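Please model the complete structure; the sequences and the hints are all you need to start from.
Numbering (this note's numbering), first residue to last: 22 to 328.
There is no bait here: all hints are sound.
Below, simulated SDA-like cross-link-like pairs (lysine to any residue); rule was C-alpha separation at most 20 Å, straight line: (1) K106 to L289; (2) K106 to M90; (3) K80 to V93; (4) K74 to G104; (5) K106 to I288; (6) K106 to Y285; (7) K233 to R222; (8) K146 to R222; (9) K74 to K106; (10) K106 to G91; (11) K80 to T100; (12) K106 to T301; (13) K146 to R212; (14) K106 to Q85; (15) K183 to T164; (16) K146 to T216; (17) K183 to L173; (18) K183 to V270; (19) K183 to R120; (20) K233 to H244; (21) K146 to R223; (22) K146 to V158; (23) K183 to I196; (24) K106 to T88; (25) K80 to P66; (26) K106 to V48; (27) K106 to Y282; (28) K146 to N221; (29) K233 to R247.
No lab work stands behind these hints, which were simulated from the structure alone. Every value quoted in this text rests on a predicted model; they were computed, and no experiment measured them.
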Amino acid sequence: MGRYVVRRLLQMIPVFIGATLLIFLMVNVMGDPIAGLCGDRQCDPATAAQLEKEFGLDKPVWQQYLTYMGNVFTGDFGTAFNGQKVTELMSTAFPVTIRLTIVAILFEIVIGITLGVVTGLRRGKPVDTSVLMLTLVVISIPTFVTGLLLQLLLGVEWGWIKPSVSTDATFSELIVPGLVLASVSLAYVTRLTRTSIAENRRSDYVRTAVAKGLPRRRVITRHLLRNSLIPVVTFIGTDIGALMGGAIVTERIFNIHGVGYQLYQGILRQNTQTVVGFVTVLVLVFLVANLLVDLLYAVLDPRIRYA
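Pasting the structure below:
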């Protein structure tokens, strides 16, 4: 196990460098940061040259990337164009998005897996058909439509929640935004769990457990569910980074000042330091989540061993 972890950590290094290099090149080539900094009124040549020198934009792109990566390893993600450190923006944005992601993941695990198990054990029955139709509807509706509809009904019409989340962004305020963020993934988890349960239910080890006279609950939890959760864990593990980076729409609807909000502001103002810094951390989140998913395989299935 130790060798496997070390090998995976070494494999993460070129992936991290390649991903950050690609993002850095895309952000720097696609827009003009100085134009975004000056706003609608174009900067005069002297001011533009001074700003380029101040932010290191007068150097070649490859040199800018090497300087950026050198600073990253010291914990310095650069300075935004408003003079604020990117790490300061991260310290306020990431805790909010992490809480929102935790709420969304809990919805996926509790509701998605539960519905998947119920429908997988009752395949072809009315409850299975109803849940499949419901998940298909959820997948078909865009997230911004679901978010605006719930905000209108629950926040404006019925007054059950606040239409916008406060700056504190407590867990209680993030329940509805978390449900909106998790809605599509929850539907996929339900369908994936259902399919996996229905397939493994006909396996030989399940028939053997039933023939041995084991209780139904033990057969489902100890034998059927553990093996069926492997593809589900893979999906949820990769979905963690997607939820954190893809929360732009949800955070905009409910006025949540998290990672998605900062990325939106950075893209809108062509603030390269902010965009590249936040995406760099999200790349690390993806890599760590994938490593944890691989390690969980051995926990779920004793037949899997890492040398």
